[in-house]
Structure formats: C-alpha cells, structure tokens
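Engineer: Sequence:
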Amino acid sequence: MRILSIALFSILLAASTVIAGFSLKSGVYRMNQLDAAKSEALSGRKAVAFLYSDEKTFCTQCTSASLQAMETLAVSCVVVYVDKSDANKLPNPVKDTLRSPGAGKYIPTVVVMSYDLKKVIAIVPYARGEAYKKLLSEAKEKILSSGK
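Take any residue in the sequence shown, note its place counting from 1, add 273, and you have its number in the numbering used here.
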C-alpha cells in the first residue's frame, strides 16, 4: 500500500509540473487586434487565417497542432488567434465556416479567408500527426495559388 501511495504521489507531482497551454508566436494577432490584422491583410493583399483554439488547454495534442498551424501559415498569410471565448466576435463568414461539417469536431480549427474576408480559401480541421501536416501544407498551397 505504501509503494502504491508513493507511486501515485510521484505521478501526481510529475503531472503538476506540466505547463498548460501555449504562447502565441510573434506576429500572430489576437481577436482584440482584428482591425490591425485586417489592415495588414488589406494593405498587403494577404489572406487571413483564423486559428480557433484554446491557449490555456492541458491537451498536448491541441497545443502542438496550434503551434504547428501558426508556424506553417504565418509565412504565407496574416494569422489571427481566436480563443474559444472570442468566437462570438468573429466575422460572420468565419463563424459560419467554423460551424460547417468541414471544420470538424475538435480544436484547433483554421479558417483561411481572402484578404477582404469575403471568400473562404481553406478549412483545416484538426487531424493527428502527418495528416494534420498535410492539411496545413494543402492550405498553404491554396493561399499561395489563390492570389490572396
């Protein structure tokens, strides 16, 4: 019994040292900076990727996928991080796309819009491992070929 108690305590101690969530990459906008993001997108005719996620999550898969999305897409478009609590502030076309079956059931989800936020360029639902990398790469190709 004592060994079991020590083992459980050790597991709990190790689990408590895990850092929750993630930090946004440099150059990624938050929803309260949407006007600045739209201005950058319009002036550079760049697509806008809305990354819908939860930066305070304890889910390592969500954290990893969110960071991967920022890293992959930030070079080809303007990225706006959308915390789940900010979803009601999204432009209607983005909200509608996030509610669509193509957006999947799990976070993170990325919706890539044209620079004027009128046309959906790509939807990247969460997927595991290489499948997610492939979806992000395909979205990046669509961004580059869309003329933004």
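Misleading hints may appear alongside valid ones.
Stated by the list, open to error - Okay, derived cross-link-like pairs now, DSSO-like style, lysine-lysine, Cα gap no bigger than 30 Å in a straight line:
#	residue 1	residue 2
1	K298	K413
2	K368	K407
3	K362	K406
4	K298	K378
5	K311	K329
6	K413	K311
7	K362	K378
8	K311	K357
9	K406	K368
10	K392	K362
11	K391	K413
12	K415	K378
13	K368	K391
14	K357	K319
Unchecked claim - Ranges of calculated distance between the beta carbons of each label pair, as one might list FRET restraints:
#	residue 1	residue 2	range
15	S419	A309	20 to 26 Å
16	R318	K357	16 to 22 Å
17	K329	L417	30 to 36 Å
18	R401	L315	23 to 29 Å
19	S296	D369	16 to 22 Å
20	K406	N305	27 to 33 Å
Honestly, the hints are just simulated from the structure, not real lab data. Note that the structure is predicted; figures quoted are calculated from it, not measured. Even glycine gets a Cβ: it sits at the ideal position worked out from N, Cα and C.
Engineer: Please go over all the hints and tell whether each is borne out by the structure.
Structural biologist: Quick rundown of the hints versus the structure:
1. K298 to K413: holds, 17 Å
2. K368 to K407: holds, 24 Å
3. K362 to K406: holds, 28 Å
4. K298 to K378: The hint holds at about 25 Å.
5. K311 to K329: Cα-Cα ~25 Å, so holds.
6. K413 to K311: holds, 19 Å
7. K362 to K378: It holds: about 20 Å lies between the C-alpha atoms, which stays within 30 Å.
8. K311 to K357: Since the Cα atoms of K311 and K357 sit roughly 20 Å apart, the hinted pair holds (cutoff 30 Å).
9. K406 to K368: Answer holds: K406 to K368 is near 24 Å, not above 30 Å.
10. K392 to K362: holds, 18 Å
11. K391 to K413: holds, 18 Å
12. K415 to K378: The hint holds at about 23 Å.
13. K368 to K391: Holds - the C-alpha atoms of K391 and K368 are around 12 Å apart, at most 30 Å.
14. K357 to K319: Holds: K357 and K319 sit about 24 Å apart, inside 30 Å.
15. S419 to A309: 20 to 26 Å: 22 Å Cβ-Cβ, so the 20 to 26 Å window holds.
16. R318 to K357: 16 to 22 Å: violated, 30 Å
17. K329 to L417: 30 to 36 Å: Roughly 32 Å apart at Cβ, these two residues keep to the hinted range, so it holds.
18. R401 to L315: 23 to 29 Å: Violated: the Cβ-Cβ distance is about 35 Å, outside 23 to 29 Å.
19. S296 to D369: 16 to 22 Å: violated, 29 Å
20. K406 to N305: 27 to 33 Å: 30 Å Cβ-Cβ, so the 27 to 33 Å window holds.
In summary, the numbered hints that this structure violates are 16, 18 and 19.
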